[in-house]
Amino acid sequence: MTTTTERPADTSEARMPEQRADASGRRPALLGTVRGRYAVAAIGLVLAVGATFLLDPYRNYLLSLTAAYVCATAGLTMLVGRTGQLSLGHAAFMATGAYAFALTSNGLAEAGIEGPVLLLAPFLVAVVAATAFGTLVGAAGARLHGPYLAGLTLAIVLALPAVTSTFSGLLGGDQGLYVQTERRPEVLSTVIANEQWQAWVALVAAAIVLVLLAQLGRSPSGIRMQAVRDDTAAARLSGIDPFRVKVQAFAISAGAAGLGGAVLAYVTQAASPGAYGLAFSLFLLVAIVVGGTGTLPGAVWGALLLVLLPEAIAAVTETLPLPDDAVSRLDGNLAVLIFGALLVVIMIAAPRGIQGALVALRGRIRSRTTRTTRTTST
Amino acid sequence: MDVPILLLAGTGLARGAIFAAFALALVLIWRAARIANFAQGAMATVSCYVAFHVSALTGNYWIGLAAALVSGAVLGWIVERGVMRFVDRSNPLAAVIVAIGLVMVLTSTLAIAFGADYRPMPAPFPREPIRIGDVAVISPYSLFVLVVVGVLMAALALLFTRTSVGLAMRAAAFAPEVSRLNGVRVDRMRTLGWTLSAAVGGLAALLVIPTELGLNPHASDQLFVYAFTVAIVGGLDSPVGAVVAGLAVGVILTFVTAFAGATFAPIAIVLILLVVLLARPQGLFAAREARVA
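From first to last, the protein sequence lines are chains W and L.
Okay, so the first sequence: first residue is 1 according to UniProt numbering, each after it adds one.
Okay, so the second sequence: first residue is 1 according to UniProt numbering, each after it adds one.
Certain hints may be false.
As the list claims (entries may be wrong) - Label pairs and their calculated CB-CB ranges:
| no. | chain 1 | residue 1 | chain 2 | residue 2 | range |
| --- | --- | --- | --- | --- | --- |
| 1 | W | Leu-361 | L | Trp-77 | 55 to 63 Å |
| 2 | W | Ala-233 | L | Gly-214 | 33 to 41 Å |
| 3 | L | Val-70 | W | Arg-366 | 49 to 57 Å |
| 4 | W | Leu-124 | L | Pro-92 | 32 to 40 Å |
| 5 | W | Gln-175 | L | Ile-5 | 53 to 61 Å |
| 6 | L | Pro-92 | W | Ala-326 | 50 to 58 Å |
| 7 | W | Ala-233 | L | Phe-174 | 20 to 28 Å |
| 8 | W | Asp-230 | L | Leu-6 | 51 to 59 Å |
Unchecked claim - Covered, in the sense of this in silico footprint (three residues per stretch, anywhere, with C-beta under 8 Å from a C-beta of chain W), are these stretches of chain L:
| no. | stretch |
| --- | --- |
| 9 | 58-69 |
| 10 | 78-89 |
If you are wondering where the hints come from, they were derived from the structure by calculation, not from laboratory data.
C-beta: ideal position from N, C-alpha, C; glycine also.
Same shape as in the complex, but just chain L (with noise of 0.2 Å):
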């Protein structure tokens, strides 16, 4: 057996921090608005089209990475004021089914506007694992994943524990009514979670690409998907969740991949799917029972 474990925890773990990071964006969406956000993965994919773009003009990654942050929380901006604010939220299924369509709208005008093809994205470091005598460990880019993960969720926590908008955010979340009484401007608050967690999404879709077949108006279904059963492992409301879950789950597809073959990991989820809502439908680390009818 000559399977480089080590290589494979890294780049799993790489993997894994990514969905951790777009599971969290879903997570914030749901504690600010209490909806699922099903577009989550089409908005990245327009961020990531704005950030090829601006990468490509500038001759810059870096410049092209704050594009994706900053045309993230334009886009959750003017989805939030401009549809979803008009959603009944009477009907459940509603905002769901209003986010599916802004999916179709979404993917379907970057491949007028762009075409189908996949373009290949540049990563700012090599791919190639670094190597410790005969060990391959993990490479530079993995490397770099882990670190601006790191960091944005160093930067959120820190938001949410030790700022006032932080606090006001997690407090119209929890209870919109006592909060609006306290002077505190849910809807505005609403908005706010929309714009971060958009931002949040675009920049988890942008680390993801240079790992996958490229740039695509369907680049992110996949990653959507392999978020949100991130986000229903950890349980939709806690982002200590997100984040173990997305890692365990990255892991854990990266060896499906690596022994069972890449056809293989859509179904792994499926399996991870079923098995936790059976097992567990409150998800492993919420507190409530949130989700059973």
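Chain W on its own, in the form it takes in the complex (with noise of 0.2 Å):
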């Protein structure tokens, strides 16, 4: 296979290191520098942002959700894919998000502070508080294999209401925050709907997630965490401390959901239990397994997915003459029935999902058209 060398560069979050050819610079690629990442990413943005043009209000929210939750998926695929360790549990990160940014803002607002602070220093607090938290789950977490960590992770989840109930005078019980949050700025109102700005505050928060976790997966710590999942012993030779690396992207990959939830929080102005429950926890992991798991692009196509899909069940389901009992039970469970049938069918099938999809196809065009022009280029 001539692929190897041939991949394009912007499949470099790819599992196997040795096809990633950036430092030996056999590859002019864009995304291999860190100034063509940013180069990258702003572009992505201007086109995001240029496209929330375009949309109606409804659907900037909805591009503002699916920013939300690359956040989160881009955090979790890091941490699966990098790092081998499965949480269930990125929901809770991402509710501790949400909680500090709403108790944060609430605070700011009612303390009578306004503009960038009152719309900065909550998604700062989120992001804090969230990788605090997962900082402790990481350590408790880091000695142990899948399965366990993914239990433990499981039980955070279901104990998320309980904590919501048991702390109510602060955390508003079941029915959570109302969450104030500054508005649109007085410049741009007459300019653009809300929803508009609401889109792109959630895109700057994805695009900040991307590429920085893009720049942790070249730099030597994304290396260490490569090792240590691969071989343990081996890394722990090379003076690798495995329980550090484990924990740092525990920490790194809980910030992110934090972020998430933030956004979310921001987006819905609302922080409550039920948003964050288990199967939201489960929906993260079946984006990230769609996607392709380990992989950036992947995590994005994941997003999407978990945006559109119940948004195309729900329009299908509207036009079928159902009577209203099956409606309402179809309404969400569909759902969920098709994400866990896409997990298991993956997970067996294609476990390289989307994003893999993508790579081997385009591999397979280029090595058709390659072949014509390889003999005068090498």
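Put the two chains together into one complex, using the hints given.
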């Protein structure tokens, strides 16, 4: 196969490090350099922000949701793909971010603070809180194999409603909290709708997460994570502390999820336990598996799927001549059924997901086109 | 202080016995296939729906109980033969992820077919405690649970220590290659492990439902987490550990519920998990360091 060295640059998140030729300079890859990644992210962000002008408010809202999910799925896919730690509890880290955002934002608003501080400080607090919680869970889970860590994180998600009702004075119990936030700047209020502004904020958050995680993947820390996943004993021999690396990965992943939760709280103006239940936590797992575990583009595909598939299902069930009772039963459950079936089928038949399929497809096209030009170019 | 200590202890033991039985189902699959079966709860809930409808049709609890066992066994067989057999064994997370997918498929199918309402499940014996003098001792239903689980444990112990099938299952779990050379059909033993485990899980879930809010597509979610905790505390490899830890966790949770309120129980479970995993990740009864990376 000639495709190994011919792989396009933006598949760099593929799992095998030896395929990433950026260090040796064999591939003049745009994504291979730090500046290149910033450039790509900036272009992507400008395009996405531009797209918000073409969308109606509801679709902009969906775009915000997607961006919020991207934060969480990107963090989770980094964790699972890079360190082999499976978390079923990322909804709990999102909830941590959402509640931290809500408490900070409401506190600041009550103190009469407005403007950029009211917009930015809650996001910062949310990331710090989720990272701290992630460090704690990561420390407990770092010594564990997959199933044990998965069980621990599952228990945390199931305990979330208990936490919010135990501290209902602070966290608002089952109802959750209403979030006062800084809305769009005055200057823009005549130009764009509120939903569009929210989409901008959400897109910026997602872009920051994607850039930072892409950087991390290329950095020595990223290599260390992979080393720990592939052979813990060998990593330890090379002077890597697996415990530290795993906790670090878990904390970063939780922080990204926390930012996602904060974006959700900002966009929906609410933080409630119902939004971060077990089903949602499992959806995040579906997203990264279907997208292609370990790949950042896969995280984006997965987040899109999480938003669009339920919309599509709702659109289809509305057109079917069904009794109200059946519609209410299908509502929500059908999406879970399809997501679950996707998870099983993809894990068994195509473990590399959408991104893996795209890479394979592009590789095939490329090898076909290069075969003709190859003799002259090499 | 007028706390019915004795009654709480009895109720706690009965709950613990159910946790122990369910944890034993997890241990059975772990030993047979080295898979932590996250779909155990959802599979057990399916059995309970079968039992519920069979009981309602026949008007007889005991036929329903038998139906839970049989449907559990059939479902375990189907899941192993139809899905788990095809999972990539080189990736330790694959089986967990596939099991999670199964959970989503099973619970949403139940919710679509039967709705999300809680259905009251009749208990075959009263849940009011027997009183000796002024002291409430234990309810007949708790006694019934203890007896059923006791019989179940004894049957499993006999199967594994006194029969050739049990010997073959243990051999297949511990040394698959050697067993294969000696004529043990390892795949068949694995299927049998799943079948047995799912039947035990179905029975355990059926026992717990009358003590909870009722039958619901998510009726076994919490049972699964509690039993998973029990299995971890006991060491996933150890049936004895599952039983001892099950009884202990059952009693602890019942007292926590009585003194700190029911909402605190899930938090207590996370705390128990955290403490055990930090202090002794291999579990209290596991002989080997099976789960340290």
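Range agreement (Cβ of Phe-174(L) with Cβ of Ala-233(W), hint 20 to 28 Å)
Because 23 Å falls inside the window, the suggested range holds.
State whether the coverage of the stretch 58-69 of chain L by chain W holds or is violated, taking the criterion as 3 or more residues with Cβ-Cβ distances under 8 Å.
violated (count 0)
Regarding Val-70(L) and Arg-366(W), is the given constraint of 49 to 57 Å on their beta-carbon distance met?
The hinted range 49 to 57 Å holds for Val-70(L) and Arg-366(W), with Cβ atoms some 55 Å apart.
Leu-124(W) versus Pro-92(L) beta-carbon gap, inside 32 to 40 Å or not:
holds, 36 Å
Between Asp-230(W) and Leu-6(L), does the C-beta distance stay in 51 to 59 Å?
The hint (51 to 59 Å, Cβ to Cβ) holds, given that Asp-230(W) and Leu-6(L) are roughly 55 Å apart.
Range hint 33 to 41 Å (beta carbons of Ala-233(W) and Gly-214(L)) holds or violated:
For Ala-233(W) and Gly-214(L) the Cβ distance comes to about 50 Å; the hint is violated.
Count the residues of the stretch 78-89 of chain L whose CB lies closer than 8 Å to any CB of chain W, then report whether that count reaches three.
holds (count 4)
When you take the CB atoms of Leu-361(W) and Trp-77(L), is the distance between them in 55 to 63 Å?
violated, 38 Å
Confirm or reject the claim that Gln-175(W) and Ile-5(L) have a C-beta distance inside 53 to 61 Å.
Since the Cβ atoms of Gln-175(W) and Ile-5(L) sit about 37 Å apart, the hinted range of 53 to 61 Å is violated.
Please check whether Pro-92(L) and Ala-326(W) have a Cβ separation lying inside 50 to 58 Å.
violated, 40 Å
Comparing the model with each earlier hint shows violations of hints 1, 2, 5, 6 and 9; every other hint is respected.
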